[in-house]
Amino acid sequence: MSYDPIRLEIFKHLFASIAEEMGTVLRKSSYSPNIKERRDYSCAVFDAQAQMIAQAAHIPVHLGSMPLSVQAAIQQFKNDLQPGDAVILNDPFRGGTHLPDITIVSPVFSSDYSPVLLGFVASRAHHADVGGMTPGSMPVGRELFQEGLIIPPVKLVHAGTTDQAILELILANVRTPEERLGDLLAQLAANQRGTERLLDMVKRYGREEIHTSMQALLAYTERMTRNLITSLPDGTFTFSDCLDDDGITGQPVPICVAITVQGDHATVDFSGSAPQQQGNINAVYAITLSAVYYVFRCLLGLDVPNNSGCLAPVEMIAPEGTVVNALPPAAVAGGNVETSQRIVDVLLGALAQACPELIPAASQGTMNNITIGGPLLSGRGSFTYYETLAGGTGATQDQDGASAVHSHMTNTLNTPVEALEYTYPLRVLRYEVRRGSGGLGRKRGGDGLRRDLQVLVNCQATLLTERRSHQPYGLNGGEPGQRGLNSLSRGEETILLKGKGTVEMQPGDIISIQTPGGGGYGSIKS
Amino acid sequence: MTASFPLRIGIDIGGTFTDFVVYDPSTQQIETFKILSTPSNPALAVLEGLNQIFSDRSDRQATIVHGSTVATNALLEYKGAQTALVSTTGFKDILQIGRQNRPSLYDLKVSLPEPLVPADMRFEVDERVLHTGEVLQALDSAQFQTLINEIKASGAEAVAICLLFSFLYPEHEQMIAKSLREAGYFVSVSSEILPEFREYERCSTTVVNAYVSPVLGKYLTYLEDKLEPGMRLSVMQSNGGAIQPAEARQAGVRCILSGPAGGVVGCEYIGRSINRDAALRLIGFDMGGTSTDVSLIDGARQITTEAVVSGHPIHLPMLDIHTIGAGGGSIARVDPGGALRVGPESTGADPGPACYGKGDIPTITDANVVLGRLAPELFLGGKMQLDAQRSWHAVEKIAIELDMETTQVALGIIQVANAHMERALRVISVERGWDPRVFSLLSFGGAGGLHAADLARGLGIPRVLVPPVASTLSAYGMLVADVIKDYSQTVMLPGGTTFQQLSFLLAELAHRGTAEVLAEGVADEDVQLEHSLDMRYRGQSYELNIPFTPTFLATFHQQHQATYGYAKPEAKIEIVNLRLRAIGKNTPPPMHGQPLGNPNPQQAYLDTRDVIFHTDATPTPFYQAESLHPGNRLQGPAVVVRSDTTILLSPSDQAWMDGLENIIIEVGA
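Protein sequences, first through last, are from chains A and B. Using this note's numbering, the letters of the first sequence correspond one by one to residues 1 to 526. Using this note's numbering, the letters of the second sequence correspond one by one to residues 1001 to 1669.
Possibly wrong hints are sitting among the right ones.
[Unchecked claim] Taking lysine-lysine and the BS3-like style, the derived pairs with C-alpha atoms no more than 25 Å apart in a straight line are: (1) Lys1568/B - Lys155/A; (2) Lys1079/B - Lys1218/B; (3) Lys1152/B - Lys1079/B; (4) Lys1226/B - Lys1178/B; (5) Lys1109/B - Lys525/A; (6) Lys1034/B - Lys1226/B.
Keep in mind the hints are simulated off the structure, nothing from the lab. Because the structure is a prediction, the values reported are computed rather than measured.
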């Protein structure tokens, strides 16, 4: 399809600025530190067929998966969507990823006499608690039902009127309802702003032009992706790596990929990956798709629009019932945060054979999820603290890895020490770079970090961490990064903690997390 | 000439020119001129300009406010003082870890800004203060000698101190600062520079201060030594107010956006002079050769406390200025996906746009030449001849690639650039909760006049102002700047805290602010204090700044509703920070309007040329701005050529010149 190259560029700006503006509204009006301080959210604009047109560059793991949320809303309501509706969902098997990520999808209709569906706007935020067996809703569970409240696609707002019954049902099932309410209102405010902006655009350019430009932008990104794939050598590139364990059996969980490049098309086949596990490290289809999207998007260059066109020339095969395409009622809390990182690792490992000059050694390969929950110091009410910790990134052919920074599928901010101590009965004793943890090589991997937290009340801490036994790989003779380390100190005694699990803590206990370093690149000897 | 009215001089040091605006209170005359900048020692151009001003004057008295890029450049070019950092044990890497995020999401090669203090110059002291202000572990001064020895061995020239919760209990930082100052170091103390919570941002601000202040101090000392006794110098800060050199030496971080701040203050001055009675609502649009700065004034200048300069957070109050890489020299090209792209890369001054005669890279300026919107022989008042042929060839290369008409491509370049700038204008307005349709666009960069009316049309802005001083507006801002000092203190109090209790706490800041503004030489009656509170609903982590009045709670709910679309009157509120702005009012020079005369602009008419607006060439009259008279009216299509800018009126636009020689465009449909 040929489309005016000028309007293409103009509309790229317009759609991107809608998504950005939605993000600003969400961040500034939300409640939980998780969304405001850590910015664990994404906003996007879609066409009427649920193809993503623009996404504000927030969290990569949300990227490829948000179109599936919109598809789920369409599937559920078919022709029953009307102006002013908002569909809420978090069911990982129906448009979601893991339960804490709640997505709100709003259809946008032309404001004519007979409204026509123009597209959708959607916002997704990681809520600090959605119920389930442990505070923070990231438990080491065995089935989805233990992980929190499951919300299938339902209308939270009918033609502009909020369904109080659904809202109350949700709030009755979470540990910090006031905070949830504020965050959900913020998501609705973001969607409202996105809707207004899209309608403004229609007023200015007309419905036809909006439709045409959306399709042209998809085609543009698709063209860029095809150019990229064409530039890779034809052939099949395979790689495999392991998750440490599923938190229950202690056995490594292999993930395998074969990327076949043929002309301007690529097939990404995860056949051979482990069957879905008892523990929570199962990834749903949407997560695996996001990881594939992320890797191809990275290869495209920095300013190509983020839209569904990127996946058009890529076919993904993820066999059902495996750890990369789990079926209900699998536990999935860790699939989003941990398995997604390992999927990226195997994809990059395979691509390193096709284009070694572009691909870094393995980064820390985990988000080091820590959740602590319990009563507030005052005894009135409870708290839930959730955080992910940065680590080292992998070195590339010409550059050392970066230290103490988030890599690949996440980019959330930390909670400032002083903000944390104002809010929670916790004290940070140490927050520093873990020197020497990056893998050696001609170029060195980045260092991980160390964060020590002392608890001031009886509480529960849940860890969901990876790369505690399998190190982040080096490339081309570079050494692997050091594995991460979790420990608990009570008085004089210090014990090592497993990578995944829940521990009961007493006042004065210190939990220490040391995160993995990135892999090195190139042999030192040569 | 009497000595009782010293001259007032505003100086803006830019990359190419140093601009001077001189006001003589005894004659009420304003004079402006430019001389070439001297980047290796910016003071030389300042001194040369002053020599020119005083060459035929017997009295050598003046009040000088100047915008200095010294601190900015030290930061941007990593040429500040060798700086050490002192932290609470366990936290010396706060500066490096930052917020643990990476700047570019889809970049497999992660590059982070280099910390201003390298790892081997970060030191720790054993101590700990809690969020209640209680001391968990007292600071033992026995550590100091080792600390000082280590700092000496590190080769540091300046030291930043940032301990946890020091804004609640500054004593530990003060003890360390005292001993380091006695050892002869320049010391930047977090509880003095930014007594607010969030350790990384406070630390970064404190470190930037240690890093740039000694360099700025050296420059100011050089300059002051050369000035005559009757010349009183001060420096523009990023917050839009001036301070004395003694102050700037201690707080160089406050002067990082010195120059652009002058532009915003200048906008406000021009805006007020045009209509004293109406609410002042301006969007400042400063489009230069490589970048465009946008800012907004709604009654007052907009302030941000979340600025990030070159990757370094600086959380002091600064004028909210949004900068993008789009300017006359922005490069147009076709990317591999077949989209026409413009910027952010720029040709810079060398080789410059193709029409400058040196290169063949197509730019925004070349597109304007191709469309007939820039008169080649009248550029910069005729001092520079543009090569239209080169522009045509440069743009034609893209046209061939895209299989389009050259003029269509030129129009496309303009539209793409406008889309980019429109997005920037949206960031500063819509995203901050302002409706641009009730604002006027004030265009003051050299390249802005050709784009301003089209941009205004896109955003529904009804009016564009182009002041006669467009190219020296920043220096005007310096001339009229007030003395401004900002103070803050994190308190984290419940919303139920009474007005009286808060007044009591604010009184301490007010006392300090008043004393320090008086020390700048401000008269008692010119001191103004503005109290405000940073507030949020408990659990939120972003604060709204609310004026401190007895109804501050109600105002907060209203402001939250207006900004975010909802309020929760039943929810608990937190008062996070107290803020005080102490102002020493300056009386700006009066502007004398001329009566409006005949609307017919015939005397300024140059000729009629073909200009392309949409598809076909439209015969368009060109006018010389310097020959227009107040009251003259122009009907679009028209082009107004001035020595420092060119103004384009589309067929539906109208314009007139007001009594102050501002060109005011009434934007058509």
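Hint by hint, here is what the structure shows:
| no. | hint | in the structure |
| --- | --- | --- |
| 1 | Lys1568/B - Lys155/A | 23 Å, holds |
| 2 | Lys1079/B - Lys1218/B | 13 Å, holds |
| 3 | Lys1152/B - Lys1079/B | 20 Å, holds |
| 4 | Lys1226/B - Lys1178/B | 32 Å, violated |
| 5 | Lys1109/B - Lys525/A | 23 Å, holds |
| 6 | Lys1034/B - Lys1226/B | 20 Å, holds |
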